[in-house]
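**Q** Each chain, written out:
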Amino acid sequence: MANELMFEKPLLELQKKIQELRTFSQQSGLDFSEEIDKLEKKAELLASNIYEDLTPWQRTQLARHSERPTTLDYIAGICTHFVELHGDRNFGDDLAIVGGIGKIDGIPVTVIGHQKGHDTKENIARRFGMPQPEGYRKALRLMKQAEKFKRPVICFIDTPGAYPGIASEERGIGEAIARNLIEMAGLRTPIICVVTGEGGSGGALALGVGDRVYMLENSIYGVISPEGAAALLWKDSSLGQRAAETMKITAGHIHSFGVVDGVIPEPQGGAHKDTAETIAAVKETIVAALRELIEIPSDLLVEQRYNKYKQMGHYAEL
Amino acid sequence: MLKDIFHKKKRYAELTSKDVAERLGRRPKQEMITTEKAVQVPEGLMTKCKGCGESTFTKELEKNSKICPKCSYHYPITAAERIALTLDEGLFFEYDAGMTTVDPLGFPDYTSKIDREQKKSGLQEAVLTGEGTIGGYPVVLGVMDSSYFMGSMGSVVGEKITRAIEHAMAKKYPFVLFTASGGARMQEGIFSLMQMAKTSAALSKFSEAGGLYIAVNTYPTTGGVTASFAMLGDINIAEPGALIGFAGRRIIEQTIRQKLPDDFQTAEFLLKNGMLDLIVHRKEMKDTLANLLELHGGGVGGE
Ligand SMILES: [Zn+2]
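Chains as they are written, first to last, in this note's numbering: chain A, 1 to 318; chain B, 1 to 303.
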């Protein structure tokens with residue numbers, strides 16, 4: 001497997017061995033079932049040792065895993081009747097953000113999310129999920145459209161951050177993110193956000209102001225990437241591992257801070273080990289929130305959203 | 001006019017401009033602390049301009065609102081100096097002066113860094129909020145100061161700005177905010193990021209209520225501050241030459257491996273690209289603000 005992570009190598013090697021033994025047993029007609037049984041028990045133990053209590057850096061690696069389900073995977077697994085809609089009506093269509101309309105559990109919704117690629121070619125086309133201003137403006141257009149037609153908005157967040165480039169700055173990436181923040185704060189329709197992979201800074205938050213915000217168990221959410229923090233803190237971006245601990249970016253931390261409303265469990269070893277199971281868990285969470293939020297009058301919804309964000313932050317008063 | 005009577009009645013007796021400067025400045029007059037070493041005015045007699053390279057008497061520079069008399073280069077100024085230049089008689093009634101920073105992540109050295117930044121700048125935090133009048137018009141005013149912790153935004157900055165917006169809404173005053181910030185404060189992690197959402201939510205409510213918000217971007221306005229309230233003014237103003245941008249120069253250069261244009265992320269670059277309404281010279285700032293307030297009837301809803 002090309003995408004194995006260092007920390008799971010012993011387990012993957014053991015699993016390979018078991019597979020080889022099985023094949024050999026079949027081909028040779030010899031009975032190795034006892035040995036296989038023993039090795040499988042060993043693998044199980046090893047897996048729980050490796051995957052329980054992952055470090056923040058290991059979770060960061062899982063959050064960035066190239067086989068991790070993307071927004072379009074979630075849409076395919078959760079929505080029916082989905083139609084993808086393109087373009088910001090001003091400049092272009094940014095492939096780093098996708099969006100459209102579909103139904104979840106029979107309810108029409110607008111779904112928007114950062115979109116990474118599953119291979120290098122797609123990643124280049126989608127700028128590794130790093131949007132330019134037109135991506136955020138497409139997202140905003142679809143949100144306003146959702147508001148008009150009283151559709152809830154579902155946002156999937158998975159980006160290293162907004163794309164840092166000349167064109168981004170020329171077309172006002174700061175303004176584009178800011179505009180989404182102010183508009184999402186006042187949007188008169190429910191907003192449910194799920195951080196599925198990397199929640200990188202303002203580029204993530206620009207799809208992340210919602211009535212309910214969830215994180216997948218191995219996703220991360222931070223004001224700066226671990227590598228960026230390491231570069232600033234210790235002038236060495238290779239110390240990302242250390243910064244991942246310091247910055248408290250894991251779902252467990254962010255949830256304990258009250259910044260997100262819940263953590264969605266992942267299969268052992270990460271979302272990509274069982275995509276169907278992951279998507280089912282995400283769907284269950286979204287449907288429950290959706291059923292609850294569509295009952296709330298929009299005035300109250302916006303007020304509750306305001307109060308939720310008003311409480312975020314820690315300070316002392318003399 | 002009723003409005004005029006009302007304005008004349010408005011008194012802010014708590015502080016004189018000298019008090020403000022002393023209370024907020026708390027630093028020797030000669031010393032100027034800025035975010036970039038290159039801009040730092042030495043304590044000496046002369047100051048070499050970052051804009052034109054010419055030397056000017058430091059005293060002359062200070063008398064000239066810290067604008068180079070030769071090339072109009074705008075040096076960063078402190079919040080106290082900004083208040084003195086902006087509000088009538090420099091009278092400022094400060095909000096939330098006692099709000100202080102805590103260390104929500106248990107971040108290494110954050111508490112001691114806060115101490116050092118406070119001693120260095122004489123400020124409690126990177127923004128002052130309060131009220132005063134500009135050309136007779138009452139406003140809620142926020143002024144960021146990059147001499148404290150690069151003007152970075154943590155929980156205190158976010159909360160003070162949010163409360164200031166709430167005051168403006170309750171009082172039906174316009175909100176004027178001078179931004180100067182290196183962006184979100186890394187040491188408060190996710191809480192810093194959430195201040196972008198919090199302040200934007202407050203501006204959403206304020207805007208919905210018809211409130212006028214004028215954002216004045218000054219050197220430097222970057223990162224999470226640019227990607228929230230700095231760009232959300234009904235009117236976006238900047239000082240000439242101000243650095244305004246989202247991503248850092250170095251990160252962009254590393255990503256695209258291209259040379260950046262000379263005017264990249266300057267106020268002029270943003271004006272050209274449609275992100276600003278106008279660039280205003282520091283000496284004309286107060287009159288411009290007063291005129292804009294006049295054009296909006298001085299307050300909410302333009303009565
Ligand atoms: Zn000069």
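The reader is advised that the hints may include incorrect statements.
[Claimed, not checked] Rough simulated footprint, nothing fancy, chain A against chain B, three-plus residues with beta-carbon under 8 Å:
id : region
1  : 63–75
2  : 242–252
3  : 272–280
4  : 287–294
Quick caveat, the hints were computed from the structure, so don't treat them as lab data. Idealized CB from N, CA, C, for every residue including glycine.
**Q** Compare the structure with each hint and give your call.
**A** Hint check results:
Under a criterion of three residues with beta carbons nearer than 8 Å to beta carbons of chain A, the stated coverage of the region 63–75 of chain B fails, only 0 such residues being counted. Only when three residues or more bring their CB closer than 8 Å to a CB of chain A does the claim for the region 242–252 of chain B stand; here the count is 7, and the claim holds. For a cut-off of 8 Å, the count of residues in the region 272–280 of chain B with a CB near a CB of chain A stands at 3, and the three-residue condition holds. Three residues within the 8 Å Cβ limit are the bar, and the region 287–294 of chain B against chain A gives 0, so the coverage statement is violated.
Hints 1 and 4, counting from the list given before, are not met by this structure.
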